[in-house]
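Just so you know, the protein sequences line up as chains A and S, in that order.
Sequential numbering of the first sequence, starting at 5, is according to the numbering used here.
Sequential numbering of the second sequence, starting at 5, is according to the numbering used here.
Treat each hint with caution, since some may be false.
Repeated chains share a single entry, so a pair holds when one copy, or any two copies, can fit it.
Unchecked claim - Pairs of lysine-lysine, DSBU-like flavour, derived with a Cα cap of 35 Å:
no., residue 1, residue 2
1, Lys241, Lys43
2, Lys203, Lys84
3, Lys43, Lys213
4, Lys19, Lys213
5, Lys84, Lys213
6, Lys98, Lys213
7, Lys203, Lys184
8, Lys241, Lys184
9, Lys98, Lys241
10, Lys241, Lys213
11, Lys84, Lys241
12, Lys19, Lys184
13, Lys184, Lys98
14, Lys43, Lys230
15, Lys203, Lys213
No lab work stands behind these hints, which were simulated from the structure alone.
The structure presented is a predicted model; accordingly, all values stated were derived computationally and were not measured.
There are 2 protein chains.
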Amino acid sequence: MGQSVFVGVDIGGTKTSVSVAHNPPLILWRAEFPTLPEKGPDHAIEGILQRIREGLDANGQTLHDIASIGVSCGSPLDSKSGVILAPPNLSTWKAVPIKQLLEDQFGVPCYVENDANAAALAEFHFGAGQGMRNVVFLTMGTGLGAGIILNGQLYRGSGDAAGEIGHVRLSASGPVGHGKAGSVEGWASGGGMAQVAAKAAEQALADGKSSALGNTVADFAQMTAKHVWEAAQAGDKVACDVIQTSGERLGEAIAILVDILNPDRVIVGGLALRMGDAILEPARTVVRTEALQANAERCAIVSAALGEQLGDIAALCVALQDGLHGSLSQYALMK
Amino acid sequence: MGQSVFVGVDIGGTKTSVSVAHNPPLILWRAEFPTLPEKGPDHAIEGILQRIREGLDANGQTLHDIASIGVSCGSPLDSKSGVILAPPNLSTWKAVPIKQLLEDQFGVPCYVENDANAAALAEFHFGAGQGMRNVVFLTMGTGLGAGIILNGQLYRGSGDAAGEIGHVRLSASGPVGHGKAGSVEGWASGGGMAQVAAKAAEQALADGKSSALGNTVADFAQMTAKHVWEAAQAGDKVACDVIQTSGERLGEAIAILVDILNPDRVIVGGLALRMGDAILEPARTVVRTEALQANAERCAIVSAALGEQLGDIAALCVALQDGLHGSLSQYALMK
Numbered sequence: 005m006g007q008s009v010f011v012g013v014d015i016g017g018t019k020t021s022v023s024v025a026h027n028p029p030l031i032l033w034r035a036e037f038p039t040l041p042e043k044g045p046d047h048a049i050e051g052i053l054q055r056i057r058e059g060l061d062a063n064g065q066t067l068h069d070i071a072s073i074g075v076s077c078g079s080p081l082d083s084k085s086g087v088i089l090a091p092p093n094l095s096t097w098k099a100v101p102i103k104q105l106l107e108d109q110f111g112v113p114c115y116v117e118n119d120a121n122a123a124a125l126a127e128f129h130f131g132a133g134q135g136m137r138n139v140v141f142l143t144m145g146t147g148l149g150a151g152i153i154l155n156g157q158l159y160r161g162s163g164d165a166a167g168e169i170g171h172v173r174l175s176a177s178g179p180v181g182h183g184k185a186g187s188v189e190g191w192a193s194g195g196g197m198a199q200v201a202a203k204a205a206e207q208a209l210a211d212g213k214s215s216a217l218g219n220t221v222a223d224f225a226q227m228t229a230k231h232v233w234e235a236a237q238a239g240d241k242v243a244c245d246v247i248q249t250s251g252e253r254l255g256e257a258i259a260i261l262v263d264i265l266n267p268d269r270v271i272v273g274g275l276a277l278r279m280g281d282a283i284l285e286p287a288r289t290v291v292r293t294e295a296l297q298a299n300a301e302r303c304a305i306v307s308a309a310l311g312e313q314l315g316d317i318a319a320l321c322v323a324l325q326d327g328l329h330g331s332l333s334q335y336a337l338m339k
Numbered sequence: 005m006g007q008s009v010f011v012g013v014d015i016g017g018t019k020t021s022v023s024v025a026h027n028p029p030l031i032l033w034r035a036e037f038p039t040l041p042e043k044g045p046d047h048a049i050e051g052i053l054q055r056i057r058e059g060l061d062a063n064g065q066t067l068h069d070i071a072s073i074g075v076s077c078g079s080p081l082d083s084k085s086g087v088i089l090a091p092p093n094l095s096t097w098k099a100v101p102i103k104q105l106l107e108d109q110f111g112v113p114c115y116v117e118n119d120a121n122a123a124a125l126a127e128f129h130f131g132a133g134q135g136m137r138n139v140v141f142l143t144m145g146t147g148l149g150a151g152i153i154l155n156g157q158l159y160r161g162s163g164d165a166a167g168e169i170g171h172v173r174l175s176a177s178g179p180v181g182h183g184k185a186g187s188v189e190g191w192a193s194g195g196g197m198a199q200v201a202a203k204a205a206e207q208a209l210a211d212g213k214s215s216a217l218g219n220t221v222a223d224f225a226q227m228t229a230k231h232v233w234e235a236a237q238a239g240d241k242v243a244c245d246v247i248q249t250s251g252e253r254l255g256e257a258i259a260i261l262v263d264i265l266n267p268d269r270v271i272v273g274g275l276a277l278r279m280g281d282a283i284l285e286p287a288r289t290v291v292r293t294e295a296l297q298a299n300a301e302r303c304a305i306v307s308a309a310l311g312e313q314l315g316d317i318a319a320l321c322v323a324l325q326d327g328l329h330g331s332l333s334q335y336a337l338m339k
């Protein structure tokens, strides 16, 4: 029998990864495969089971060596029962009892968290939130959500739905996110930034100006935050203004969090990893004027520190949680 | 030696009350006196010391019978060191070490919390938040602030300044609260409602309409939320519209809290005690459309249950906190 290991499973709309670790955040082995949600949950679950077995084999271990399994996945889900309810990025997944499936298969405890909460745990324990007490992690991908650590503990809310800052309104109208025009997700997520950019490029075209963001309506429909960033790096003025706008709106959202939660740190993942200060500096400037001075001064706004490893370490952090449903296991606390 | 007692001290801008209890929330004895902040903190502190001694005498007790003292007071303060920093409603109080003063005088532990946090504890343990896990209490007096209980624990924030929902912006311009035009406090506190009413009455006058809110500029300058409520009860249309507006803006603020914190309950004190559904029903309607459906359905929006006793019980709840700075003592947990 080998040394006991933790298994992390990070289920995304595009790819699913499985990682194995004795001693997180150090990862011994990992593998990923396309999730292909259009093929239904069984396809991905089969892939997960197979990769877990491969990961054990690769390290000379058996099923008996698993200490626990952590699953990180999109909302909504029920973290207590471990059921994935109906994440928008996994359109065919409806009420998938992932916890029970994995526990039945491997006979070890399995914990399930939404990806924002899992990433918040990872940055809190091993990344930019180390040594802090109150930390907000913002996902900034296609959508925008928050994982919240308060008094050193993950805060899930009464219905597993805390952290929905993406749904908060910033303006009466505007780009749509989380089903709401003018929301934080509409203005400041990757999907929102693409909408802001499409509109800005369309305006540039109407004004007879050229922009690297594209010059046809077909281009605008294909817009992504990646296009915006590439155009901005090439010096395109319209693209730079779009990033400035989304950064300022991100700052309005962070100011709300800073006034309500008075955190030590707000950590931004996703786009902020690539764009860095181009998006965070406009946000910081807005927070300094919009939030209470003492709260703003208290709170640093930084990019996630775990970079490309964040998703894997996030899923492993979920595995580290003990049966008390909230506090980390003794193992993690000793680190 | 008598049975041990808890002492609560509620320091407000107008009056200070001292209450004594064996078995909170049952109050054995209470007294109040005018705080008179213009006379400086020493005046009120002398009054507090005297009333505590009177309260003990009245119950046949001595200083040795005090278990602990709780102080509830306006922000900003430092709850760890127990120093009252510079509350706007106590203009002459600057860095008053109330905890040390009372501990030196009576030789028992003294705890200090801001009034919103203290009221949140009181409603959580003995009022409308009983049996819940996540509760937000909103003060709705001259200002507007929040006391937040998460995972059954008071959440103070990193610099004792969580809960500043009153400072959050709802509109680019508008009535001023917390030093910010268009803020939640500007729109929905008592002071904010008075501004909304003054503007509405001025408009009514300009339009040649009569309103019970007053018909001269001098009236508008004297406007209070109490005037608005009295006029509304007499059926004044302008006053009713003002309450509707403040209630809707309160709903926008609650929707933000509901999306970010996913609480079981939002409990509103102050004006809501008097105005009830006249202010809460417009708020509930807005929350149903502005917040995420699941989060809105989860969260009841109610008036504080402890009514006129809230301030006294709030201060006593501060006394019930043990030295761990956050959890309630065994005494309270057994209840």
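Each hint tested on the structure:
no. : hint               : in the structure
1   : Lys241 with Lys43  : neither (42 Å within a copy, 60 Å between copies)
2   : Lys203 with Lys84  : neither (42 Å within a copy, 50 Å between copies)
3   : Lys43 with Lys213  : neither (44 Å within a copy, 67 Å between copies)
4   : Lys19 with Lys213  : neither (39 Å within a copy, 65 Å between copies)
5   : Lys84 with Lys213  : neither (54 Å within a copy, 59 Å between copies)
6   : Lys98 with Lys213  : neither (47 Å within a copy, 58 Å between copies)
7   : Lys203 with Lys184 : both (17 Å within a copy, 31 Å between copies)
8   : Lys241 with Lys184 : both (28 Å within a copy, 33 Å between copies)
9   : Lys98 with Lys241  : neither (44 Å within a copy, 50 Å between copies)
10  : Lys241 with Lys213 : within (11 Å within a copy, 53 Å between copies)
11  : Lys84 with Lys241  : neither (48 Å within a copy, 50 Å between copies)
12  : Lys19 with Lys184  : within (27 Å within a copy, 45 Å between copies)
13  : Lys184 with Lys98  : within (23 Å within a copy, 45 Å between copies)
14  : Lys43 with Lys230  : within (27 Å within a copy, 63 Å between copies)
15  : Lys203 with Lys213 : within (13 Å within a copy, 45 Å between copies)
The structure fails to meet hints 1, 2, 3, 4, 5, 6, 9, 11 from the earlier list, while all remaining hints are met.
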